[in-house]
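The task is simple: from the sequences and hints, build the whole structure.
The listed protein sequences correspond, in order, to chains A and B.
Number 91 in the working numbering belongs to position 91 of the first sequence; there are no gaps in the numbering.
In the working numbering, each residue's number is its place in the second sequence (first place is 1) plus 1000.
Source of the hints: derived by calculation from the structure; they are not laboratory data.
All values reported here derive from a predicted model rather than from experimental measurement.
Where a beta carbon is used, it is the ideal one built from N, C-alpha and C, also for glycine.
Don't take each hint at face value.
Stated by the list, open to error - Just a few of them, taken from the derived set where beta-carbon distance is under 10 Å, the chain B residues facing chain A:
1. Ala1037
2. Ser1040
3. Val1068
4. Gly1072
5. Pro1092
6. Ile1094
7. Leu1159
8. Val1160
9. Ile1162
10. Ile1167
11. Gly1172
12. Glu1189
13. Phe1191
14. Tyr1194
The residues making up each chain are set out below.
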Amino acid sequence: MNVQVMWDSLPQYAAGAVTTLQLLVLALAIGLAAALPLAVLRSLPSAWAWRPVWGFTYVIRGTPLLVQLFLLYYGLAQFEVVRASALWPLLKSAWFCAVAAFAINTCAYTTEILHGAIKAVPAGEVEAARALGMGRWQALRRIVLPSALRRCLPAYSNEVVLMLHGTALASVVTLHDLTGVAREVNSVHYLPFEAFITAALCYLLITVVLVGAFQLAERRWLRPFLPRA
Amino acid sequence: MLHGYALSLLEGAALTLSVAFLSLGIALALGLAGAVAKLSRSRIAQGVALAYTTVIRAVPDLVLMLLVFYGGQMAINSLGERLGWAYIDIDPWIAGVLTIGFIFGAYFTEVLRGAFLAVPAGQKEAAIACGFTPGQVLWRIVGPQMLRHALPGLSNNWLVMIKATAIVSVIGLSDLMNRAAQAAGSTREPFLFYGAAALLYLAFTTLSELGFAWLSNRLAIGTKKASL
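Here you go:
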């Protein structure tokens, strides 16, 4: 182990970690914001509402994230219309495409997680809300969603960790995230163990912090659903 | 329609499937060993299995793959230098299969451990009381019942695994993704070829889900279904 090289390249790894976290936070925020209305549509009884959403999540969950990233970053450039459009400066940037691909991907998984949580809300709670005179929208906002958002915490924490691992693919489209930095350190010094183990330790640290944060969140918001001690 | 690249894509798809199935075998073996270790009384075995599942599940698969591919290359050649071997190039196919198998072994460990715990202890005790040997207990009594509980987890992980094989293209294996990239480069129609690759992956996952639905029906023979 060449500890000196690991120590000297720590600033680069710190910069890579910042990129990784930026990608992660942006993708999760956009994905969650879009997943909320989609999950509600997915849970409606009308087939016109849930079928298109189900189709979207089915296709996204059935294909690798790498393919989705390549379709956005390389694929869209095939069309003259896209290259001539006002969005082209955004779509040709690897950073934008990575955020978009990750956001779409996590949106599909989060939609299914939220849909499961909405389905798990006891029918009696919804009936009680309606019996008290709440409208559908009111019951959704006051009864169903608060309960579903708590219930989905354990599954969502898994999705967050998986998304963190997914951001490593950003290095394949030239971004300098944690994995990208590790690949560069490896190609400059030819020290694969040092380069990738440093990156692995950074990911381990981020994962531990994320899991810990979700445990705190569960202790705060999941308590009503747990058996009383 | 695919400018004559259809066959090349299918060859790549076959390679992707070969990576997926072989790593499935490795992952199942490692998962079984890990589950047995986690449930054993030995503190050392428990500790090793815990470290394995914790570290592997906390690090992205791409980083582990690059570590095995570049690191393994270096380790083997520094060993070979001492033993006087010629320079060895690690085959990306072997690196890919080993890494994916090693990674998903950690996920299968958790699935199989949960499934073992779901089989009532009385089943095992009754089998021992009837004179079954430990091997027979595992093969004839606990194993078939455990499989039923393990199936949903196994099917989830298999779907994740098929999709994870796409990253072997990063270490230069000419799998489905790699073939699509080659075709995209020479025809300048990336959307078409990555779209075709996406459809092939979607076909694999759809077929797997159908297969698992059939299997789960079969394994559920003799169980009672309760409905609310």
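- [ ] If any of the earlier hints don't hold here, list their numbers in rising order.
- [x] Those not satisfied are hints 1, 2, 5, 6, 11.
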